Structures are given as structure tokens and as C-alpha cells.
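**Student:** Here is what each chain is made of, one letter per residue.
There are 2 protein chains.
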Amino acid sequence: MSKEIPYKIYLEENELPRQWYNVRADMKNKPAPLLDPATHQPASLEMLSHVFCEELAKQELNVDDAYIDIPEEILSFYKMYRPAPLVRAYCLEKALGTPAKIYYKFEGNNTSGSHKLNSAIAQAYYAKKQGLKGVTTETGAGQWGTALSMACAYFGLDCKVFMVKVSYEQKPFRREVMRTYGANVTPSPSDTTAVGRKILEEFPGTTGSLGCAISEAVEAAVSHEGYRYVLGSVLNQVLLHQSVIGLESMAACDKYGIVPDVIIGCAGGGSNLGGLISPFMGRKLRGEADYQFIAVEPASCPSLTRGKYAYDFCDTGKVCPLAKMYTLGSGFIPSANHAGGLRYHGMSSTISQLYDDGLIEARSVEQTAVFEAAERFARIEGILPAPESSHAIRVAIDEALRCKETGEEKTILFGLTGTGYFDMVAYQKFNDGVMTDYIPTDDEIAASLAKLPKMD
Amino acid sequence: MSKEIPYKIYLEENELPRQWYNVRADMKNKPAPLLDPATHQPASLEMLSHVFCEELAKQELNVDDAYIDIPEEILSFYKMYRPAPLVRAYCLEKALGTPAKIYYKFEGNNTSGSHKLNSAIAQAYYAKKQGLKGVTTETGAGQWGTALSMACAYFGLDCKVFMVKVSYEQKPFRREVMRTYGANVTPSPSDTTAVGRKILEEFPGTTGSLGCAISEAVEAAVSHEGYRYVLGSVLNQVLLHQSVIGLESMAACDKYGIVPDVIIGCAGGGSNLGGLISPFMGRKLRGEADYQFIAVEPASCPSLTRGKYAYDFCDTGKVCPLAKMYTLGSGFIPSANHAGGLRYHGMSSTISQLYDDGLIEARSVEQTAVFEAAERFARIEGILPAPESSHAIRVAIDEALRCKETGEEKTILFGLTGTGYFDMVAYQKFNDGVMTDYIPTDDEIAASLAKLPKMD
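Keeping their order, the protein sequence lines are chains A and B.
Position 36 of the first sequence, counting from 1, maps to 35 under numbering that gives the first Met the number 0, and the rest follow consecutively.
Position 122 of the second sequence, counting from 1, maps to 121 under numbering that gives the first Met the number 0, and the rest follow consecutively.
If we strip away everything but chain A, and leave its shape as in the complex, we get (with noise of 0.2 Å):
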């Protein structure tokens, strides 16, 4: 217990987890069921084998496996780019003078910038398997399209990515790392779509936006024998495979003897919070620890905090199954103003029951609060971090500050997701001093939320 704690902690290739943990098993309230959204009716391997890989499927329906083998081919590829480091802030604890410890797992140490690659690897073996050709995704931001680009370069798959089209022109670096990686890039809405070419002939000239972009994936990917479509968060199964975050994470942990008293982690979809925290989960579930854990959202975009916990749409189109989540319904839309990620209306529904049970707490920051904590992690800690990630270390840092007030030694684990390189647009804006803070108004809410579908 008294081993000098390095500033960063590699594991072993032999200490890394081979079985990625899947937290619904030991949930006493499991997750609600996805639904057909014809029948409302929960909804079938068969179903869902139609849009998603098979194995995925499953991996999507299974609530009774604790643990699930991580296949060779990705334990390889894991080691290309993993173990992530457990990071001793010792140069952050200075400058806060806190007697807290301040822990974090950073995943930005590959090209996507993230720890996307983590599912898009697995997403892509598992369409490899299945004998396809190739998959189709959506991207905002960009992360994810980058993550599966990479994944699917290196299995030999093609890849088609629907870029919203105001990002396919803004950020032009995205897209090239993604092009470099062999993906087909189309502005989405496109003309390569039913839907595409319907939104375009009613709003011509639309930039686009993520539900769009999901319509158009979702529609080539079933009109095109061999192809199936992925998605980067939200889901159980992409859970399942971040929880190689927490795994390594708690190894970690468990190899130094420290034991985190919170563990903080930024929520969008909830796939990075989800995975950092699902064994450490586990053990709470199974009565042999007690952690604090701390779900931050946008105030700009606040589900957990703000939003309804209700069946919804998934996405905007409405062709995906319904989930129950946290959601601020599928229409909403946060403000132009918000930078970076983290805009889904909706909620993990794993993350979502946990959350409903009291499990987990959840705060939302304001965008200038998340970009200042980022400068000053950024100066001190040497790494600049993704806008997301940077909602982490606001209340990471917050949390070591109010130890500094009462004095407490508490250790604190945050996930820094990713790195911020495709991001300065938004930091220049911090710079310039320009940048603003926007929160909906209970009446904007109350608004979407009013459409939420009709449940029997």
C-alpha cells in the first residue's frame, strides 16, 4: 500500500483486462428494453440484426454476462494504442495547494484524439466477422468518424461517414485524417440519400445536423447489401466495450493501492462515463466498496440534471428503436453557441437507470467555467484537453478546491477522454474572449419534452 506512486502508470500487457465487464449484470434494476417503435414492443435479436452487426446485437440485448471475452484480434489492436496511463496529477495538486489526490485516465494517446477507438475497433471486428463489407456512422465532431476510419482501415472494411455538413466545412482536418484512414466522407444531407435529397429539396441550403447525418447512415447502410450501421455512444454494447477504460483504470488502482473516493467523468452519451465507471460500479452494486460518482453535463445541454426520464427517440429521424433515458427529447436541439461535443438530447439508458436509482449525481457546468478549467490543466499538466473531457476536469478541479476548504485528503479519478488539437476554433474564441455561456429556459424544454412520443 505504501508503493511510491509514479506520475503515470502503464500496466503490464500481461496485467491488461481480456474480458471487457458488463455492469447491467449485477444491476438489481435493470435498464428498460429498447422498443420497436411501430409496436412499442421490446424489441428482437431479429430486429435489431437488420441495422446492427449480429454479435453486436446480442451484446446490445445481454443483461446476465458479467464478463465477455474480448476477441485476440482486439486485444492486438488494444495493444497498439493501450494501456492508457493513469495519470498522478502531482503538478495540478501543487498549483491548487489541495491535500486532495488527484488521479486521471487519460485516453487521448492515439490518432482519434479519443477513446472512441475503443468500441469503433470492436464494431469493426464484429462486421469483419460477420462477412460484410463495410459499415455506415454519422459524425459531429468528428472523434468518432475518426475512430472508425482507423478501425475500419485496419480491418479492411469500407467506411462510409456522413458529416454534418457544417463540420465537413469547418473542420476540413477531421475530414482528411479521415480520408487518410480510406473513409468516404459525404456532407450530410447529401444527394446519395432518399432522405438526403428530401431534406435538401425542403431546406435547401441547410448545414445539416446530427439526426439528419444518422437518417442518411442508417438508410445506406440497410439499402446496401454487406453494410450494417454503428454508432459511437449511447448504446449498452458500446458500454460494454469502454468499460476496458475502467477495468485498466481499477487495475491500476488496485496494483498502487489507491482508492478513489469520487470519480468524475464528462456525459453525453454516457459511453466514456459508462466505461470509466462500470466496475467501480460493480463493486458498489455488489456491496464491496463505496464510491461517489459524478456525471457533468453542458448546461447548454443538460439531460440528467433537467431532463425527463421517459421513453424517446434516439435519434431525430426517428427510425431508430426507442430508449428509456434521461431526455430533453429528440428535437432539442442546444444552442449554436456550445462548442464541442456532448449535444445528445438524450442519455445511455444504463447510465439513465443508475442515475434514476441514485447511484450516480450529476451536475452541468457552463461553457466558459469548462474552458477555463481547460486552459489552466492545459498550462499546468501539459496536455490540452478536448472541450468534452474538460467538463471532467471543471468539476475535478472544483472537488479538489472544496478539499482544500475543509481540509479532506480525498482521492479523485477523473476520465480525460481526449485531446483538443481538432478543436482550436473554440479555444480561439476563449482567447478572444468572446466566447459565452447559454442555458435553455424551462419553457425551451418544457417545449420538446411535450413531444416526447405517446406511450400506452
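If you're looking for bench data, these hints aren't it; they were derived computationally from the structure.
Only a predicted model underlies this, so the values are computations on that prediction, with no experimental measurement involved.
The beta carbon of each residue, even a glycine, is placed where N, CA and C say it ideally should be.
One or more of the hints may lead you astray.
[Unchecked claim] No farther apart than 25 Å at their CA atoms in a straight line, the calculated lysine-lysine pairs in the DSS-like style are these: (1) Lys7/A to Lys409/B; (2) Lys2/A to Lys78/B; (3) Lys254/A to Lys78/B; (4) Lys7/A to Lys2/B; (5) Lys254/B to Lys78/A; (6) Lys78/A to Lys450/B; (7) Lys93/B to Lys132/A.
[As the list claims (entries may be wrong)] Computed beta-carbon distance windows for the label pairs: (8) Gly96/A to Val221/B: 36 to 44 Å; (9) Pro203/A to Thr367/B: 36 to 44 Å; (10) Glu71/B to Tyr66/A: 52 to 60 Å; (11) Gly406/A to Val221/B: 29 to 37 Å; (12) Lys128/B to Asp431/A: 30 to 38 Å; (13) Glu404/A to Pro36/B: 54 to 62 Å; (14) Lys132/B to Ala288/A: 46 to 54 Å; (15) Val221/B to Pro171/A: 35 to 43 Å; (16) Val62/A to Arg282/B: 57 to 65 Å.
Once you have looked at the hints, place chain B on chain A.
**Tutor:** Below, chain B alone, put in the same frame as chain A:
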């Protein structure tokens, strides 16, 4: 010797080097001294100390001490982003079908995106220790400026960066990273210096050059109380700091019984190559081992393969001391179609002497071949490399393919100096099939060399 080699070797903290290695101490033929441009006499400590921090000037002149202690404060900073992993390129070997074993030392896992941080933090430390207010420098592609900004933020030093105007405008993201770290970034030429004003008057509308930016940075240093000028490559002090790359690589090799046959690095000013090979070269110079060393330079800026070994100006403004080096002439400017760095007209005097002594080989490669290698590497090994680093990748792949022909099981080690996230304009050109090659004619090089300074 039979220990299984992991994909990535991370040394433990207690295995990290605590001293830099100064290869000049083991060289029989020392690099030629810097000369005062006015008198052609060897530059004294006093003279150098007007421009550089005193401790750095001492390091510049030190040809005797083989090992120099790394100060504790620098060791602490190194621990934030080092060790850099020594990676076994299992996937690349498999894809090439080569019997060769390929390793690369990856220096890109930090926000500056390259090895430049290794020297930036050292130079900032000595500036702080000397009680200076700040430092000045120039930057072209921006890696050095970013690294220095990070280092100055850590020590609370002011950092004035003169950024070549065309880069300032075309690489706004690099600029914003520097600003996020608190640096003062000025497009060069500017009206903040006499030399800048003069150039602006003579050439209104000029987009600047590295030579002009150097002149402005040097003027800003000597004309501001409490400032010194710092440089990211070429100098002996920089090679000294960069020896941390080679020392870590050698420790990792020794730990696992890896014996490189060929060691490859890209060469612009020589800092990465010098840092990587120094300790191995030391063994070779002391007769303890033998290695083949290959310096890789762009065919568009071939200072080693087509330059002359002579005293020349280090900068186009001719304000710095004269250095004896392989040079294309200080007025040589690579074709505008050349992407990325490695544009320097000369070469580190240490590397030049070793090359002249036949201890290093040099190869020049064309940029489309370099980007082909870069794309292939990105897709197979998952890391999107910097254009500079990709020169080394090109030759490493060529060597591995040669082994495939001959059946030789050589062990190849190359330096992967950084990532290409801020070089997507070049990748886009390659993706679009509009990238071309340019090789200077003999006449062009002869014309440039005709302007070398006349020595007695």
C-alpha cells in the same frame, strides 16, 4: 535475452535517464567551433551569453563532459510526458511480410506533438534559473513554438514567438495552441522590430520567411532587458537535451536484449537524429558496438547529400555566429511545394562532422514517396505521423522490404518524432492526388553555394 517483447516498452520511472549524454566528448574529430561573424574567431562564452542563457552557452561550448546532470525540475517535467514508448511495429512487419524486426521510438505523445519539448523545457528552465523575464524565438511549422510555449507556461516565463506570416495565417490552430499556453505570437515580418519594419518597407505584402523571423526574434531578445533568444534545433545544446530520446531507447533495448542493426532518423537541423543516435554512436565511437546510422532528408532540401561542408551563416539575416556544417547556402529556400519541416539550409555541426567522418549515411527521399509511407503507416500502426517523421518511416519500410528480398532478419530502429494533426493541408494534397515532387537543379544549388561567406 528471450524475454517476450511487448508491443510498447515503457521504462519505469527509476529506469529513466538522469543525465544527458554529450556525444562530442567521445568524438575524436570534434565539431568545428562556432565563429564570430565579424572576426572569424571562435565564439566566446561571453559573446554567446549575450544571445543565449549562460548555462546553455556553456553547454554549447562543452566538448569534454560526456554526461551532464539533468536538473530535478526538468526531470519532474519529463515525467509528465515521458518515457516515450519504444514500440515494436508487429503490425507493420506482418503487413510488409518482412523477416526484419521494426521498432520505433514515438515522441509524439505530448501536446506539442513532437520531440521538441525535450529541449524547450531545458531551455526554459535555464532561462528561469538565470532570473530572466522571458525568451524569444521563431517558428515556422509551429512545433517548436508550441513546445516552447508549453515550457514557458510551466515556469511562468514570458514567451515571444515570431511566426512566419504565411504559417500564422494558414496554420491558425497552431497559433491558437500557443496562445492557449499564454505565448505572445506575432506574425513576421512585423512592425515591432527594426529589421521587421525594414523588410516590410522593402517588400510590402511579403509573407515572411524563417530567416526573417529569426532576425526579429534575436533583435527582440537583445533589445529587451531580461530576455534571451532560444532555438529548437541545429545547436549542440539541443542535441544534448535530445539525447534523452536515445538514452531511453538504449535502456529499453538493453532491458529486452534488443540489438538494433540499423538506426534511422529524419534530419532537418539534426536535433531528433542527433538525440536518437547519440548514445549508440557513443558505443560505436568507443568500439563497444557497431550500428548503421541513416540520416533521411527531403530531396527538396538535401544538405547532407548535395551540400558542401563549409562555414556558413546559421540564419538568412546573418546575425548569428558562423557554423561549419553541411549546407546548401544560407540563402537556399526549398520549393514552396515542399510540405512540413526539414527546410533548413544547413545541419547540426555535430551531425555534419560525424557524417564527414563516414560514421553516418545519408539518403534523400521525395515527398510523394514519403506521404505514401505515411499513409501506409497510419493505416497499419494507427498513428498519423508528422511529414518530417515520415521521412524516417519511408527508409525504414525500404530497409524492411530489402530484408524481405535478402531474407536478412535485421533489427531496424527509427525515430517517430511526432504526429501530423496540424499538417492536414499537406495530407489533403496527397489525398487529392495533387502533391508533386521537386528536386533542385545542380545550378540552383551551385548558385546558392556561391554565396557562402569567404573564409581566410
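**Student:** When the structure is checked against the list of hints, which entries are broken? Sort them ascending.
**Tutor:** 1, 6, 10 and 11
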